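If you read the sequence shown in the working numbering, its first letter stands for residue 444, the second for the next number, and so on.
Since no wrong hints were added, every one of them can be taken at face value.
Here are the in silico distance ranges between beta carbons for each label pair:
id : residue 1 : residue 2 : range
1  : Leu581    : Val455    : 24 to 32 Å
2  : Tyr509    : Leu479    : 17 to 25 Å
3  : Asp564    : Val465    : 33 to 41 Å
4  : Gly604    : Trp573    : 41 to 49 Å
5  : Val603    : Gly580    : 31 to 39 Å
6  : Ile540    : Gly604    : 43 to 51 Å
7  : Val555    : Ala517    : 15 to 23 Å
8  : Gly563    : Tyr509    : 25 to 33 Å
9  : Gly502    : Leu450    : 23 to 31 Å
10 : Pro469    : Gly563    : 32 to 40 Å
Hints were generated in silico from the structure; no laboratory data involved. Treat the numbers as computed from the prediction; the structure is a model and nothing was measured. Idealized CB from N, CA, C, for every residue including glycine.
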Amino acid sequence: MGPEGLLLVALVMAVGVVGVLVPVLPGLLLVAGAALVWALTEQDTLSWVVFAAMIVVLGVGAIAKYVLPARDLAAAGAPRSTLVVGAVGAVVGFFVIPVVGLPVGGIAGVFVAELRRLRGDRAAAWRSTWVTIKAVGLGILLELAAALVAVAIWAVAVLVG
444 MGPEGLLLVA LVMAVGVVGV LVPVLPGLLL VAGAALVWAL TEQDTLSWVV FAAMIVVLGV
504 GAIAKYVLPA RDLAAAGAPR STLVVGAVGA VVGFFVIPVV GLPVGGIAGV FVAELRRLRG
564 DRAAAWRSTW VTIKAVGLGI LLELAAALVA VAIWAVAVLV G
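All chains, please: the whole structure from these sequences, using the hints.
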């Protein structure tokens, strides 16, 4: 692959990394897709080994993003339906409040679900909501770390190869 192709792959991967933080972009899928295009173009053993390593890292990041919030919510006593209501709130917030609606709607959705579950106990609902916020934040950080590690693996392979 020539320098222009490598630059294009790198740009798509950079958009993918940003996509981890901007939920409207499929971050890890963009990184994986760009790596696949690179491996298909290179067609050598190193590129396929690098692609496989990237997929493992990205897979772990994707799993962590969903497992951690659910585990922490369960430890706090909240049902999975709380995350579902939070996700619905995030989608509604995204369309109702420009720019900041996604997190605002998600937090509001979790709080409302917990407030209902805890029969109006605002303090307990907020504690549960805070556990969720921290868990989702940790999941996003792990997903971001996975994307950055995967891109670093690719960059090293390009520089060495």
